[in-house]
Amino acid sequence: MLTRDRIGALLMLAFSLGYGAMIFNIPLLPFQANQAFTARTLPQALSILGVVLSLALLLKPLRGTAREDDKIWRANMIRLLTRVPGLGFPLGKVLMLCVAMVFYGFTVRPLGFLLATTLFLVASMYVLGERRHVMAFSIAIGVTVFFWVLMTQFLDVYIAPLPTFLGR
Amino acid sequence: MLDGILSGLGTAASPLNILMVAVGCFAGTFIGMLPGLGPISAIALMIPITYGFDPATGLILMAGVYYGAIFGGSTSSILINAPGVAGTVASAFDGYPMAKKGHAGKALAIAAYSSFSGGTIAAIFLLVAAPSLAVVSLAFQSTDYFALMVLGLTAVAAFAGRGNVLKALLMTIFGLMLSTVGTDETQGIQRFTFGMIDLIDGISFLLLAMATFALSEAMMSVLKPKTEEEKIREKDANANLGSMKLSREEVKEMVPVIGRSSVLGFLVGVLPGAGATIASFLAYGMEQRIAGPEKGREFGTGSVRGLAAPETANNAACSGSFVPLLTLGIPGSGTTAIMLGALISYGIQPGPRLFVENPEVFWSVIISMYLGNVILLVLNLPLIPYIARILALPHTVLVPMILFFSLIGVYFVSFNTFDIQLMVIFASAALVLRLLDMPMAPMLLGFILGGMMEENLRRALIINNDSWAFLWTRPLTFWILVIAALVLFVPMLSPFVKRSLARRRETAGEGG
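Chains as they are written, first to last, in our numbering: chain A, 24 to 191; chain B, 70 to 581.
Hints were generated in silico from the structure; no laboratory data involved. Where hints are given, some of them may not hold.
To list a few chain A residues with every Cβ distance to chain B over 10 Å, as calculated [to be verified]:
(1) Arg90
(2) Gly128
(3) Phe160
(4) Val168
(5) Phe188
Label pairs and their calculated CB-CB ranges [said to hold, decoys possible]:
(6) A:Phe112 x B:Glu319: 47 to 57 Å
(7) B:Gly416 x A:Leu185: 31 to 41 Å
(8) B:Ile74 x A:Thr105: 53 to 63 Å
(9) B:Gly264 x A:Leu185: 27 to 37 Å
(10) A:Gly165 x B:Gly79: 33 to 43 Å
(11) B:Pro564 x A:Phe177: 48 to 58 Å
Glycine included, each C-beta is placed from N, C-alpha and C at the ideal position.
Chain B extracted, bound-state conformation (with noise of 0.2 Å):
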């Protein structure tokens, strides 16, 4: 273990690297700020970039882009309380108004040492982790992987939040769904081509990352105009952020939420389909719990804890999410899906054997970690009053450029002009369905899953001689797929538990 640090750290140092952690945290930073923009399509249009870089090198861009984003997302919602990305959402409700209350600056800084120790503290659970958990899933088999990867995605839908399960789950399908045309990798009979050349290949999960993402995000930001108590915000932000010192007593009082945050963003992280914004969230719940009534009131109008609390566990829960991902080779968010669309692109395969086979690959990402939260709070920090002036930038130059970017971006890869065609379609597609409230990045996970899902099935009833006993006669699927099922319906039944409970208590206390 110790040989691969040190050749991931020999990796990670080298001055390219250092200079795409820095450029990939800069320009995440300045995506994520953007309002609509998150880090999905913030690291779909770092890709066609990647391309001309080893793996290590581009993957290191992506999480450098990746945590850049969710600091930009911040910025935003504390400054403007637009959230440029749904894992900030927590961080507006106390660092928007203590940025009213003049102290954006301050605000800022609190963000951005939470980020850093939460980013910090996870990277360091991860390379413990990751190791371990590498070295378990070796044993495991293409029917494991199976069950793994119906876990993934039925954990996608679960998190989804109440009332939007089955319409994640629905998405999910169509994910899957997209995935099936092309070529049948086993038997090579075409599926769902209209007899089309340019679909035998299938189609290409960047362009549809960057239809259903980048553009439909762009085009859904023209729907939306903005008001005009938006557009003062938006001048106002950029007056006067105060100072960005902290006092001891914050520190004090940061210090315990930030070792608390971390542990349980991580933890939320690794869970496949939770993620950032989940973390936040409950991070943000705990807080307010623990501080008591007294200071639990603070909370919501511009509390220390309230603001440290979901900053510390979004960023914890982005390294949290690299697991499965090294690990297993299954992504557990859309973002780090996108990482797997990626890295199986330069020609990688995620997974047990990536630890044993490119080492460099593994530890130079969780070392760059470390390297891109120290960029992001000593390069980031200074620089964000000149950062925040692209909330200024006037939508019309900017949209263009960013379906300039998008369309340029696939193009770039295939150079087939029927390529730009498809996006339009799909970008029109993706802009209906987020009309109607249906949720993009299960569609883009079942996707991603979609063909590897079919292999290992596949491969799974070749070795049990087309038996699908498999399932639940070898004990690790089988329990993996219990899970999955727990996991799917134990919140669609906790309503109804709960109701039947009160109705019971209700009964027992007429008849008492």
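For reference, chain A alone in the conformation it holds in the complex (with noise of 0.2 Å):
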């Protein structure tokens, strides 16, 4: 049976051997070939001990109270991870800020950081579900215009403020 802890061995399991199949790709000048340590010697070991941890935690025999959490932990998984009515799709409104958060790092820079920020600001309140637009703006902007004026001003660190058409 396909159970948390041997979903999350898998996940390692791959990740162990991809890390250890790009290891091949660092470049060892000839003379390094027989030191006793290279570049190579550390991944190496960490890709084989994360296979076989992995492997020990994905063949590790299930006994009955683990059984038990892991029926628990289905369950809540489920419940997080489907739609609730009355409560909206959490895992939408994750998949919404992860979008709005890679939006703001591309923004940050040509928009400058009071827009960009303001904008991140509102949008995460708005998908988090706030309909009271004139706080969620008025804290936006408090709170981006405090966080410009704090770092600028009093611990000297200059972050352009407008956007990059309008100058620096």
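The two chains are supplied separately, each in an independent frame; assemble them into the complex guided by the hints.
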């Protein structure tokens, strides 16, 4: 049965194997090949350990209590990852937040700190279900300006406030 | 040593540093109170602010945040039975029942006095233990350091609890793997960079800590929406706390508990890998046993001892966990690991040399712990009713703020927008691992120790002419490695031993 631990073990096994395969891309100079310790030594040891440990976790026999725990976990997961009437779709919210963060990463330079941050804060509050727009905007603008003043005026970190096309 | 204490006192008592302790305690209490955000996130969120400070000030601020967060965690444990921090789970056992009976104020006061005493007593131990250990550790060589780091990593896994040892080990290895990304320090060879310029310097520890703790904890709180019952509890928490005064009998009951739990907490805190969570559970269990059958039955229903013990022990363990960090430069927990990362980014190498080269950092941190504990008591206790209002702050505002502070904290250090994208990737991966109940702290510890471990191992090999024999010929190294093996395998084997003993007893019983 594919339990919680076994899913984790499979993920780690895949990661360790991929990591192990990429060790061959680490360049070694000819004279280093015979040294006891090269840039490849630790990665090799780690990937072997990773494979062994994830196999051990994968093949560990299931005991009674673990089986019960797994049932509870499974029920919890189904509740977490599906649409709940009334509460919305939490997983969807998380995904939207990730999109907002990625978008923030792309816009913070071209749009400038003030605009990009305000947009990000308002957008993520909206995603989480905040519908009092005036409050959302005033909090977002307040936090953004306060933070910008704190960083630039008191902590001497320069942050471009305005979009690039308006000059620096 | 007296010189050191005096210079530390001078540094710690400067107005800026006192202000920082106060700010740290306050901010820590605030963040620690939010369910889900623990001390690791609290400290990580502070790091970008501390970059402009000198190391002593920065570390003082972070230490303040650390015990502030533990204190804040106990507040939410007591008031709404939702521990913000793993170290305060045990405080909810008796704290919440006490609050439910209408003695929330009293429970908070007990927690505050116990934390204060635990923290202060442990700071005295630290004052004695740290310098003496630092002197001893000057004799350590790179081979011993390598062994110590192995010990630290295995201990974290071993203390992960029953059934979790394998998972914790696996996550430690995962952290070690992540630490190999970037340019190899001694040979300048690029590893696992996929030819990307942004990865040449490796993954910054701040980025990893923020993404896997602050960000993923915030995302997790979105995934687990509050139930109606929890919402009601949060509303109740702000209604009426009751009197904060303790009776003389209660104080009498607390004093011996505090004494025992401080010692236990400190010792557990010093152990690599253990820390506040284990200390609080051990102290709770120990007091329940000492209390005897009659008083022991009160545990779990609002016992004074049951609250005082874990509260004392977790704060004592916080102070204790500074011993390996300050003397050996080896963090014993996720929280001290992140402080180590911060210290390294200030250009300070923690370890035995810290005591010699930066005595003002060493001593001022220790001295500031006394100040921090006083401030927690004087400032936070009367302010708790107001701080507790943060629990009523809407989720829809709080989560975006945490996301913003985490992202911007990393971005303001590197000014590289690639870091923001990388954080989203790590946070999503961490969220998946969290949903699978994989522990994250061992990963962070593995990541921070990884680079140091490889460097020490390589140096040891160079000194020993590429021979691995030092692992068993140098006694200190050998014994540390033996301890590491014992720490790892004894808990794994103990169920087998118990079972076979039980079987033998059974057969003996049948025969006789």
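These are the hints, each one checked on the structure:
1. No beta-carbon of chain B is positioned within 10 Å of the beta-carbon of A:Arg90; the least distance is around 12 Å.
2. Consistency note on A:Gly128: stated as away from chain B, yet its beta-carbon is not over 10 Å from all of that chain's, at 3 Å minimum.
3. Once the 10 Å rule is applied to beta carbons, A:Phe160 is consistent with being away from chain B; the minimum gap is 12 Å.
4. No beta-carbon of chain B is positioned within 10 Å of the beta-carbon of A:Val168; the least distance is around 13 Å.
5. Against chain B, the non-interface label of A:Phe188 holds: every CB pair exceeds 10 Å, the least being about 18 Å.
6. At about 49 Å, the beta-carbon gap between A:Phe112 and B:Glu319 stays in the expected band of 47 to 57 Å.
7. Checked against the hint of 31 to 41 Å, the C-beta distance between B:Gly416 and A:Leu185 comes to roughly 34 Å, which is consistent with it.
8. Judged by the Cβ atoms, the range 53 to 63 Å given for B:Ile74 and A:Thr105 holds: they are separated by roughly 60 Å.
9. Against the hinted window of 27 to 37 Å, the Cβ-Cβ separation of B:Gly264 and A:Leu185 comes to about 34 Å, which satisfies the hint.
10. For A:Gly165 paired with B:Gly79, a C-beta distance near 39 Å keeps the hint of 33 to 43 Å intact.
11. Range check, B:Pro564 to A:Phe177: Cβ separation about 57 Å, and the 48 to 58 Å hint holds.
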